[in-house]
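Residues per chain, in single letters:
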Amino acid sequence: MRASDLKPIVALTAMLAALPLAVRMNNYYVLLLTWILYYSTLVTAWNVIGGLAGQLDLAAASYIGLGAYTMGTLLTRLDVTPWVGIPLGGLVAAGFAALVGYPTFRFGLKEAWYALATISSVVVLQKLFLVWEEIGGPEERYLPARYGELYYLRFRGYAPYYYILLAVLVMVLLLNVKIRRSKTGYYLLAIRENEEAAEILGIDVRKYKLRALLIYAFVTGCIGGIFALISGYLHPHHFDTWTSLQVAILGIVGGAGVGSIYSLPATTFIIYSISELLRSTLGGWIPGIHLIFYGVILTVVVLLKPEGLSETYERLYGRIRAALLRRRAGGG
Amino acid sequence: MTEAEALLRVRRVTKRFGGIVALDRVDVDVYEGEILGMIGPNGAGKTTLFNVVTGYYPPDSGRIIFRGEDITGRPPHEIAKLGISRTFQVVKPFLGLTVEDAVRVGAYNRLSDEAEVERRVREILEFMGLDRLRDRLCRDLNIVQIKQTAIARALATDPKLLLLDEAAAGLNPGEVDDLIELLRRVNREMGVTLWVVEHVMRFVMGISDRIVVLHYGEKIAEGPPEQVAHDPKVVEAYLGAEVVI
Ligand SMILES: Nc1ncnc2c1ncn2[C@@H]1O[C@H](COP(=O)(O)OP(=O)(O)OP(=O)(O)O)[C@@H](O)[C@H]1O
Ligand SMILES: [Mg+2]
Chain B
0 MRASDLKPIV ALTAMLAALP LAVRMNNYYV LLLTWILYYS TLVTAWNVIG GLAGQLDLAA
60 ASYIGLGAYT MGTLLTRLDV TPWVGIPLGG LVAAGFAALV GYPTFRFGLK EAWYALATIS
120 SVVVLQKLFL VWEEIGGPEE RYLPARYGEL YYLRFRGYAP YYYILLAVLV MVLLLNVKIR
180 RSKTGYYLLA IRENEEAAEI LGIDVRKYKL RALLIYAFVT GCIGGIFALI SGYLHPHHFD
240 TWTSLQVAIL GIVGGAGVGS IYSLPATTFI IYSISELLRS TLGGWIPGIH LIFYGVILTV
300 VVLLKPEGLS ETYERLYGRI RAALLRRRAG GG
Chain L
0 MTEAEALLRV RRVTKRFGGI VALDRVDVDV YEGEILGMIG PNGAGKTTLF NVVTGYYPPD
60 SGRIIFRGED ITGRPPHEIA KLGISRTFQV VKPFLGLTVE DAVRVGAYNR LSDEAEVERR
120 VREILEFMGL DRLRDRLCRD LNIVQIKQTA IARALATDPK LLLLDEAAAG LNPGEVDDLI
180 ELLRRVNREM GVTLWVVEHV MRFVMGISDR IVVLHYGEKI AEGPPEQVAH DPKVVEAYLG
240 AEVVI
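Going down the list, the protein sequences come from chains B and L. Each residue of the first sequence is one higher than the one before, starting from 0 at the first, in numbering that gives the first Met the number 0. Each residue of the second sequence is one higher than the one before, starting from 0 at the first, in numbering that gives the first Met the number 0.
There's no promise every hint is true.
In the BS3-like style, the derived pairs of lysine-lysine whose C-alpha atoms are separated by at most 30 Å in a straight line are [stated by the list, open to error]:
1. B:K177 <-> L:K80
2. B:K206 <-> B:K177
3. B:K177 <-> B:K109
4. B:K126 <-> B:K109
5. B:K109 <-> L:K80
6. B:K182 <-> B:K6
7. B:K182 <-> L:K91
8. L:K159 <-> B:K206
9. L:K91 <-> B:K304
10. B:K6 <-> B:K177
11. L:K159 <-> L:K80
12. B:K109 <-> B:K206
13. B:K109 <-> B:K182
14. B:K177 <-> L:K91
15. L:K91 <-> B:K109
16. B:K182 <-> L:K159
17. L:K80 <-> B:K206
18. B:K304 <-> B:K177
19. L:K80 <-> B:K182
20. B:K109 <-> B:K304
21. L:K91 <-> B:K206
22. L:K91 <-> L:K80
Facing chain L, from chain B, some residues (calculated, C-beta under 7 Å) [what the hints assert, rightly or not]:
23. K182
24. A189
25. E195
In silico negatives: residues of chain L with every beta carbon more than 12 Å from chain B [what the hints assert, rightly or not]:
26. G18
27. P57
28. R62
29. E68
30. L132
31. D177
32. I179
33. L181
34. R187
35. E188
36. I219
37. P231
38. V234
In case anyone wonders, no lab produced these hints; they're calculated from the structure. Idealized CB from N, CA, C, for every residue including glycine.
Generate the whole structure from the sequences, applying the supplied hints.
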C-alpha cells in the first residue's frame, strides 16, 4: 500500500473520530452517526461485489441476519464472547454466500436474475428463522444486559459502538484499497466490464466472482454481529430486504467502483442525514417519506449521472482545493 | 511439413446451431511461426471456428489439439493459460478501464510479480505505440485505438498463438498497411503465430503465408494466397455470395 493511499484514510478517521465530540455526545446525534457509520461500512463492503465485480447483489441483509444470529446465539446460549462470535458470524455468512453463489455463477445468472436470486435469499431466511423455533421464532431474543464489560461488548450509550464501527470502516476501506490495487482487483474490474473478453485473458470468471462474494459476505456477516449488539436483541426482521436495497442504492448513487472509494461513506452520510431529517420532520404527516426519498434520489442520479456521484465530489474537492490555494497565494 | 509439427490441429470439427451446420467436419493445421489467413463469405463459420478453438463453444464432434495436448471443451481461461489468445469481431472493450489497466489484466496471465507485470505492460504499450494513450479510458478511444488495445491486451497474455477476427474491418487503407506492418512484427519479433480471419482482401492477401477458405461450414480450399485466389471453387463461392447480396 502506498502512502498516498493512507493519507485520506487517516484524515477521514480523525474527522469521524471527532464528530461525536462535535455534537457534545448528544445521544440522538450519536445514535444517528452510529447508523450512518453502520451503513457506510456496509456500502463500502458492498463495493467489492457491486462496484469492483459489478454484480447487483441484494443479499446484504441475509449476511447481516446470519451474522447477528450466529454471534447472538453463541453469546446467549454458550456465553461465547462476541470477539469470537462476530468473526464466526462472518464465516457462517460466507458459507451461506458460497451455497447461493456457486450455483448462481455456475449457471451464469447475471444482472436482474442475480439481483432477484439474492434478494429472495433474504426473504427465505426471514421465513426460515421465523419458523425455526430452536434458534429464531417470532419472539425477540434479548442479549445479556452485561453492560460495560469488554467480554460482552454491551454498552448503554452508543458512542462505544460508534468507535467500534469506525474501526471496522477503516479496515474495510483499507481492504478495498488493497484489493483495488491487486491482481484480484483488476480481474474483478475486467469481469465487470466484459466477462467474455476477461475469460480469454486468463480469468477464471466464476472463481473470481465467488472470491469477491465471499470477502463481501464475510465482512457483512461481521457487521451483522455488531448490529445485533447495538440493537440488543435477535429477531427474524433483521433479515430486512429494505436494508439490502438501501445498501445497493447508496452504492449505486455513490458510484461504487468508479473513482474514489471515499465517495461511498460521503454519499451515505449525506443521503442518510437528509432521509433522517425528512423522517423526523415530515414523517408524521407522510409516513415513509424517507423511503420515497431514496427512490427519488436513485432515479435522479441514474438519469442525470449514471456513473454515480464520485466524480462530482472529486470535481468539488478539486475546486475547493484550488480556491484555498489561490487564497493562500493571494494572502501570502 | 508433417502433422507432428503443427502447433494447432483442428480435426473433423462439427458445430450445429439448431438446423444450421455452422462447421462441417473442418480440418485445419496451424504451423508454428506462420501467419495463416482464413476467408469465406458471411456466415461461412469463421467466427464459430474461433469460438470452438478458444473454448467459447464446445464442438458437437471433433478434436482440437494444441501443442500435442487435447484441449477440446476446455474453458477459455484455461486455453489462455496454455497460450492461445484472441480478439473479437464485435469488439469487447473494457470501457471503464484505462488502456494501461486493460493491458495489465492480460499481463497477469503469466506474471504475478508486480514489477514484472509493470515491465510487461510498458513493453506492450511501447510495442503497440499506445504509450501516449496509457491513461486514457477505453470509453474515450476511437475504433482504431479500441482495436489496438484489444490486440495489446491479448499480446500481454504472452500467447503462442493469436487469433484475430476481422482486425482490419473499418480501417482505411493507410491504417490497414500499418496493421500489416505491426502484425508482421508481432509474428517475427515476438514469435507469435497468427491466425487471421478477414474480409479485407488487401489485408489477407498481403499478410498471409497460407490461406484457408470456408464456405457454408466446409473447408473448400487451402494453400498459398495466389493459388487460393484463382481457385475456381473459391471464385464461385464469392461470386455466389455476391449474387445473394
Ligand atoms: N450463437 C449462435 N447461435 C445460432 N447460430 C449461430 C451462432 N453463431 C453463429 N451462428 C450461425 O452459424 C453460421 C456461421 O456463423 P459465423 O458467425 O461463424 O460466420 P462468419 O464466417 O464469422 O461470418 P461473418 O463473415 O459474417 O462474420 C451462421 O449461419 C450463423 O448465423
Ligand atoms: Mg465472423
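Here is how each hint holds up against the structure:
Among the hinted pairs, K177 (chain B) with K80 (chain L) is consistent with the structure: their alpha-carbon atoms are about 25 Å apart, no more than 30 Å. For the hint linking K206 (chain B) to K177 (chain B), the alpha-carbon distance of about 19 Å falls within 30 Å, and the restraint holds. The suggested pairing of K177 (chain B) with K109 (chain B) holds, with an alpha-carbon distance near 26 Å, which does not exceed 30 Å. For the given pair, K126 (chain B) sits about 25 Å from K109 (chain B) by alpha-carbon distance, which is consistent with the 30 Å threshold.
A hinted pair counts as satisfied when its Cα atoms are at most 30 Å apart, and K109 (chain B) with K80 (chain L) qualifies at roughly 25 Å. A C-alpha spacing of about 23 Å is found between K182 (chain B) and K6 (chain B), which places the hinted pair at or below 30 Å, so the restraint holds. Pair hint K182 (chain B) plus K91 (chain L) holds up; C-alpha atoms about 20 Å apart against a cutoff of 30 Å. For the given pair, K159 (chain L) sits about 25 Å from K206 (chain B) by alpha-carbon distance, which is consistent with the 30 Å threshold.
About 24 Å separates the Cα atoms of K91 (chain L) and K304 (chain B), which keeps this hinted pair within 30 Å; it holds. Restraint check for K6 (chain B) and K177 (chain B): satisfied, since their Cα atoms lie roughly 14 Å apart, inside the 30 Å limit. Between K159 (chain L) and K80 (chain L), the direct Cα distance comes to roughly 10 Å. Compliance with the 30 Å bound is thereby established for this hinted pair. Simply put, K109 (chain B) and K206 (chain B) have alpha-carbon atoms about 15 Å apart, close enough for the 30 Å limit, and the pair holds.
Annotation: proposed proximity of K109 (chain B) to K182 (chain B) holds, straight-line Cα distance about 23 Å (limit 30 Å). Taking the CA atoms of K177 (chain B) and K91 (chain L), the gap is about 27 Å. The hint holds against a cut of 30 Å. With a C-alpha separation of about 17 Å, the suggested pairing of K91 (chain L) with K109 (chain B) holds against the 30 Å cut-off. Only pairs whose Cα atoms come within 30 Å are accepted, and K182 (chain B) paired with K159 (chain L) is accepted, the gap being roughly 23 Å.
Between K80 (chain L) and K206 (chain B), the direct Cα distance comes to roughly 15 Å. Compliance with the 30 Å bound is thereby established for this hinted pair. Proximity of K304 (chain B) to K177 (chain B) is assessed by CA-CA distance (about 27 Å); at most 30 Å being required, the pair is judged to hold. For the suggested pair K80 (chain L) and K182 (chain B), the alpha carbons sit about 16 Å apart, so the restraint of at most 30 Å is met. Between K109 (chain B) and K304 (chain B), the direct Cα distance comes to roughly 23 Å. Compliance with the 30 Å bound is thereby established for this hinted pair.
For the given pair, K91 (chain L) sits about 21 Å from K206 (chain B) by alpha-carbon distance, which is consistent with the 30 Å threshold. The straight-line distance between the Cα atoms of K91 (chain L) and K80 (chain L) is roughly 20 Å, inside the 30 Å bound, and the hint therefore holds. A hinted interface residue such as K182 (chain B) counts as satisfied when its beta carbon comes closer than 7 Å to some beta carbon of chain L; here the least separation is about 5 Å, so the hint holds. Below 7 Å, beta-carbon pairs count as interface contacts, and A189 (chain B) has one with chain L at about 4 Å; its hint therefore holds.
Here the hint on E195 (chain B) is kept, as its CB sits about 6 Å from the closest CB of chain L, short of 7 Å. Under the 12 Å C-beta cut-off, the non-interface status given to G18 (chain L) relative to chain B holds; the minimum distance is some 25 Å. At roughly 14 Å from the closest C-beta of chain B, the C-beta of P57 (chain L) stays outside 12 Å, upholding its exclusion from the interface. Distance check on R62 (chain L): its Cβ is at least 20 Å (rounded) from any Cβ of chain B, clearing the 12 Å threshold; non-interface status holds.
The Cβ of E68 (chain L) lies farther than 12 Å from every Cβ of chain B, with a closest approach of about 17 Å, so its non-interface assignment holds. With a least CB separation of 17 Å from chain B, L132 (chain L) remains clear of the 12 Å interface cut-off, as annotated. D177 (chain L), annotated as away from the interface, keeps every beta carbon of chain B farther than 12 Å; the closest lies near 23 Å. No beta-carbon of chain B is positioned within 12 Å of the beta-carbon of I179 (chain L); the least distance is around 23 Å.
Distance check for L181 (chain L) against chain B: the nearest CB is about 20 Å away, which clears 12 Å, and the non-interface claim stands. Chain B leaves R187 (chain L) outside its interface by the beta-carbon criterion, the shortest separation being 24 Å against a cut-off of 12 Å. Residue placement check: E188 (chain L) keeps its beta carbon more than 12 Å from all beta carbons of chain B (closest about 21 Å). The beta carbon of I219 (chain L) sits about 28 Å from the closest Cβ of chain B, which is more than 12 Å, so the claim that it is off the interface holds.
Against the 12 Å criterion, P231 (chain L) stays outside the reach of chain B, whose nearest CB is about 37 Å from its own CB. With 12 Å as the threshold on Cβ separation, the claim that V234 (chain L) sits away from chain B holds: the shortest Cβ distance comes to roughly 35 Å.
Going through the hint list in order, the structure satisfies each hint without exception.
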